[in-house]
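If you're matching them up, the sequences are chains A and B in order. Residue numbers for the first sequence follow the working numbering, beginning at 17 and rising by one. Residue numbers for the second sequence follow the working numbering, beginning at 706 and rising by one.
In silico DSSO-like cross-links for lysine-lysine, where the CA-CA straight-line distance does not exceed 27 Å:
| id | chain 1 | residue 1 | chain 2 | residue 2 |
| --- | --- | --- | --- | --- |
| 1 | A | 60 | B | 899 |
| 2 | A | 60 | B | 732 |
| 3 | B | 732 | A | 71 |
For the record, the hints were derived by calculation from the structure and aren't laboratory data. Predicted model, so just to flag it, every value in this text is computed and none were measured.
The chain contents come next:
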Amino acid sequence: MNIVISNTSDKPIYQQMFEQISAQIIKGELTRDFCLPPIRTVAKELRISVITVKKAWEELERQGFIYTMVGKGCFVAPLLPDELGSKRNVLAYEKLKKDIEYYKVLGLSLSDILDLIKRCY
Amino acid sequence: MEMLSVQNLSKRYEKFELKNVSFALEKGYIMGFIGRNGAGKTTTLKTMLNLVHADSGKAVVFGKEFSDNELAIKQQIGFMFGGANFYPKKKLKTVTSVVRRFYNEWDDAAYERYLKRFDLDEDKKVDELSQGMKVKYDLTLALSHNAKLLILDEPTSGLDPVSRDDLLELFQELIEDGERSILFSTQITSDLEKCADFITYIKDGKIVASTNKDDFLGSYKIVKGTVEQLTEETKHRLIGYKKNAFGFAGLIKTENLPSGGCLDVFAADIESIMIYFEKEQKD
Chain A
17 MNIVISNTSD KPIYQQMFEQ ISAQIIKGEL TRDFCLPPIR TVAKELRISV ITVKKAWEEL
77 ERQGFIYTMV GKGCFVAPLL PDELGSKRNV LAYEKLKKDI EYYKVLGLSL SDILDLIKRC
137 Y
Chain B
706 MEMLSVQNLS KRYEKFELKN VSFALEKGYI MGFIGRNGAG KTTTLKTMLN LVHADSGKAV
766 VFGKEFSDNE LAIKQQIGFM FGGANFYPKK KLKTVTSVVR RFYNEWDDAA YERYLKRFDL
826 DEDKKVDELS QGMKVKYDLT LALSHNAKLL ILDEPTSGLD PVSRDDLLEL FQELIEDGER
886 SILFSTQITS DLEKCADFIT YIKDGKIVAS TNKDDFLGSY KIVKGTVEQL TEETKHRLIG
946 YKKNAFGFAG LIKTENLPSG GCLDVFAADI ESIMIYFEKE QKD
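Excised from the complex, chain A in its bound form (with noise of 0.2 Å):
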């Protein structure tokens, strides 16, 4: 499991951790019921608090990426391929959402961003 956390980023710091692992869950680089490390540890490990720690498992939980067994820990969820697939494009639906309200406040079109999108894939 990797994480890259920034402390000048203006993203909160448990939408930092829950994205990147998130990420790693869809992109099958954690595979399920792989367990993942205990709250603390990761706090200490990162120098973050454990409270935000607590935060990125909560979402990731509450999203359906990870389960808890009480007094084992959280692990990755079993999900279906097709599970996997519509919980990647509600990300990047999410994410998509975002950038186009910055284009259309430059004044973009939806052909100039489709260009643009054709020109940078």
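Using the hints, position chain B against chain A.
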């Protein structure tokens, strides 16, 4: 489980008053205590520990009222106020041999470990230590009797950045098993960004906020804009602001952010929150 609960602590001096100070710290967490010089941090900590008698209010530690169980509770508390400055002409090992007798659960192995970790020489005399070394020695004493609650007044002051970082790392190691809590005051807000779970902010003897760090940081934003945008209405919404030749910057409660979004909004850090709060007297 609550490890520490401070309830309506008040203390009146001729020129300063601690007013109904209340906050609580759960087991297994680090709380940073911030405020300007003279805001009441040390007075709060001392009043909690009965080193200063409160006019009213109480501190409950490990579920028991502090003033009724002072000796028993102190066995399980590690505290430090400033660097060690007792017996300046004595060697550290002599001072230690006195201090260790006060504690039933003195742990020689832990003591040796911290001496080594902090690079302290037991054969030095107290007044031969630098300020930073005194702080480290004081911490060593506070950490060597299996304390469950650490109450530390400015433990990072006088330490160089490397030692400070090492100390904060140690704090996180200490709470990793979830059995201990740490309450420490500091002027160095980056200490808190690094390791605090909770923040308690005191201003003029009153608690402004006591909450988890993420909520604390999330509830304020920095806004920036042009001089024209600094209307009376905007001023009214701001907690504090600073004007310059090219525009203004101010602090605002997230819930008071004006809709419309013509101002630039930035995440606030602890330092800027404090600065704008203390600059409340505008213009």
